[in-house]
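> Chains as they are written, first to last, in my numbering: chain X, 41 to 358; chain F, 41 to 358; chain P, 41 to 358.
Mixed in with the good hints there might be a few duds.
Identical copies look the same in the list; a pair holds intra-copy or inter-copy alike.
Taking lysine to aspartate or glutamate pairs in the EDC-like style, the calculated list, with each CA pair at most 16 Å apart, reads [claimed, not checked]:
#, residue 1, residue 2
1, K191, D257
2, K295, D64
3, K220, E251
4, K79, E354
5, K78, E57
6, K131, E251
7, K295, D255
8, K78, E138
The set of hints was computed from the structure by calculation and includes no laboratory data.
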Amino acid sequence: MLWTRKDLLDLQSLSVEEITAVLDTARAFRAVGERTIKKVPALRGKTVINLFIEPSTRTRISFELAAQRLSADVINFTAEASSLKKGETLKDTARNLEALNADFIIIRHSAAGAPHFLARVLNAHVVNAGDGAHEHPTQGLLDIFTMREKKGSLQGLRVTILGDILYSRVARSNIWALRKMGAHITLCGPPTLVPRIFEQMECRVTSDLEEAIADADVINLLRIQHERQRKTMFPSLAEYSSLFGINRARLAATKPDVLIMHPGPINRGVEVDSEVADGERSVILEQVTNGLAIRMAALYLVNGGQAASTETPEQAAA
Amino acid sequence: MLWTRKDLLDLQSLSVEEITAVLDTARAFRAVGERTIKKVPALRGKTVINLFIEPSTRTRISFELAAQRLSADVINFTAEASSLKKGETLKDTARNLEALNADFIIIRHSAAGAPHFLARVLNAHVVNAGDGAHEHPTQGLLDIFTMREKKGSLQGLRVTILGDILYSRVARSNIWALRKMGAHITLCGPPTLVPRIFEQMECRVTSDLEEAIADADVINLLRIQHERQRKTMFPSLAEYSSLFGINRARLAATKPDVLIMHPGPINRGVEVDSEVADGERSVILEQVTNGLAIRMAALYLVNGGQAASTETPEQAAA
Amino acid sequence: MLWTRKDLLDLQSLSVEEITAVLDTARAFRAVGERTIKKVPALRGKTVINLFIEPSTRTRISFELAAQRLSADVINFTAEASSLKKGETLKDTARNLEALNADFIIIRHSAAGAPHFLARVLNAHVVNAGDGAHEHPTQGLLDIFTMREKKGSLQGLRVTILGDILYSRVARSNIWALRKMGAHITLCGPPTLVPRIFEQMECRVTSDLEEAIADADVINLLRIQHERQRKTMFPSLAEYSSLFGINRARLAATKPDVLIMHPGPINRGVEVDSEVADGERSVILEQVTNGLAIRMAALYLVNGGQAASTETPEQAAA
């Protein structure tokens, strides 16, 4: 096992071996969710704090369940209810949580770099659950885990990421990991949201949807954050849907075994039509299931995992 | 054991045998709450999600405790914090929760039929915690459980339900179950809220309080939802209290062993005076205790209960 | 062991022996937080309800973790989400929680005396987590626990409490406990907030900061609640900081082994400069860690602790 990091902060800094270690560990843990008793004792007596300064029910619940299935205790700490309102700084909040013997801080924050900052000042393990437009590493990992499970290998895989690339932390985490793992990436969307600068990350950049999806093995649709989208740079929802929404006709012009992915929640009729989202090429719900396994793996590995014992992930999941 | 259903959605569709199965199972589980260690391993490693799209602290806590006492893990998901705000549909939310390997979805929703809809699209067990003005089956079951414990039998029992019948899911669940179990039902309240149509459900309908309570064995008071009551159809609180509130004088005109029930929270001085609510005929707090036992029984039975093993509820509660 | 009380409501009514019993028990439990598995089975199967009618994330989390580490089940009940909005009285809420077989009610409330009221009407154990401007006993206990750990003894210790004494429940709990334990207390702050009446509690009262801190063994800084401070009685934050804030220069005029304490969260640059708050004399984060041990001790003792068995706290913590 090659994992020796205290934290999981981003995919940009991980090696191929480290990414592979997470994927392999997640495979062992995924089986836990399919058992009658969905629980292993790996983190019994450990305290996990969900520090969500930006709201996210789905990601928070996924981490909460991952911790529960590893038998850890979980505390939810959200900004609305917190003393952050009283002017406490993030650093003070985190140090206080650590002083409560927290072993893990899962942090979502609107500021890029917040998890890295905490990782430097804390002894606790820090896991990035999304920081600004920077990275969302467990989402990136669950995406490539799903691709690998379905396609066998990431090497040479053609992955098209579609939508608002510029402001997407999901896109960034996907790009870093997919490039490392040898996949070919195409980025597509409205030109204002998919600037040519991404070519420097060895991605093909295009606004031509037909070209972007014709040879794709995977189409990863980003969520349109229409409630907080930059009004001046973003077309209307109807325009977006008509130009870039994946419907039955457009699916017909793709490879017959293309995977349709989406981090959820879906805007039905915008990024994707229901027919496609619920169709046989869609692996959107499998992504959710795999996300739980990836988060179990992340908590397990940063805690020391096999590095700290002779136990294999398979044994930990037993 | 006669329980074979995957879900608990309403009392209208249950047979006498099924209702009796829940009541008998609840009796076994009620003893768990009286022990030093209030926990049995029946649902260890199972995941229960409280999906409350309409707020309800009391019912949510009752289900949360029921799940904890069966050793399940519980996740709370409320509409305020949820991605429902982002436009996600109920079906997508529920499917996502199921993809996280949720075994049980407890749902409260303002739309009648929401639990039935989920039960059809999910493999997870669905328990209705109140859907619009339709049903609140665990409330109905805890009400009749309390009546049976106190009166020995429901057969021939005279039960008066008092208040806003028309819009009450509690009333509907009571009516369905009590009729099946052989009780006689009187519905009483302001005429606009207790229409004659309920006579088709084999209930006596009256606006005459004296008549309604004179021969009652049980008086079940509905909560006045004055904060969201239809203004045009409902009298003032003072008027309601003076016409239908149960006070000492009115209690004196009932049978000496009448039971005073209320689903809570009480509006003291409106539906009932404190003297009566806290008096010796009141079983209001016992209803709360019994509710927990009923919810343990519901989770236990939909999960397979004895049908899945040779274990009796008594053994499961041991 | 001298603890026989059902509840922990205030420090005013505790004896020296009772206070000492909590401190000694907390020392045994503090070690639990330093282990790999931070859990003891002392309260397994017990139900703890956090009834927070006034918001407080930090204190709520500290109690929640304390309960988890004793293996109890915890339910959070906050006013925002509660049926208190529906007009339910505190007494009814608490009785309903007790009817759910709650073993412990941890209550924070804006009204002084609310915990005492509940303790009288409930069989459940009640722990005061802060009531109005009255008391915050677990904060007082963690403060003197920290002083005793660092200074060896409280007898003759010179403790200066600085800030808004008049409206501080933390100050009151400190004063009661420190006097009983034989410490000498100086109260200091703006004259409107530190009235001479406190001399009747055997405290030295002064507005002269230099005098107040020159011979202090401990300086306990109260948090300036500027978001809800009485506007007419309180100076501006800048004025408060310039008159009473502890900075490097002022620290230089204290004993070299003075302890700097603060209940948190800190207003950096107001009560204390960062240099001092993060400096070697500060024990602010240790207070947080000790708070968890104190709360474990409180829950353990009110539940019967050694009084109910031959088990020592050391054995319970084993």
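> Against this structure, judge whether each hint is valid.
Results for each hint:
In this assembly of identical chains, K191 and D257 lie within 16 Å of each other by CA distance solely inside one copy; the values are 9 Å within and 68 Å between copies. Proximity of K295 and D64 under a CA criterion of 16 Å is satisfied in neither setting, with 28 Å inside one chain copy and 58 Å between copies. With identical chains, the CA atoms of K220 and E251 are never at most 16 Å apart, being 24 Å at best within one copy and 65 Å at best between copies. Taking the shortest Cα distances, K79 and E354 sit within 16 Å of each other inside one copy (13 Å), while across copies they are farther apart (25 Å).
Proximity of K78 and E57 under a CA criterion of 16 Å is satisfied in neither setting, with 28 Å inside one chain copy and 32 Å between copies. Neither within a single protomer nor between protomers do K131 and E251 lie at most 16 Å apart by alpha-carbon distance, with minima of 47 Å and 33 Å respectively. Taking the shortest alpha-carbon separations for K295 and D255, only the intra-copy value of 6 Å comes in at or below 16 Å, while the best inter-copy value is 75 Å. In this assembly of identical chains, K78 and E138 lie within 16 Å of each other by CA distance solely across copies; the values are 14 Å between and 28 Å within a copy.
Consistency note: the structure conflicts with the earlier hints numbered 2, 3, 5, 6.
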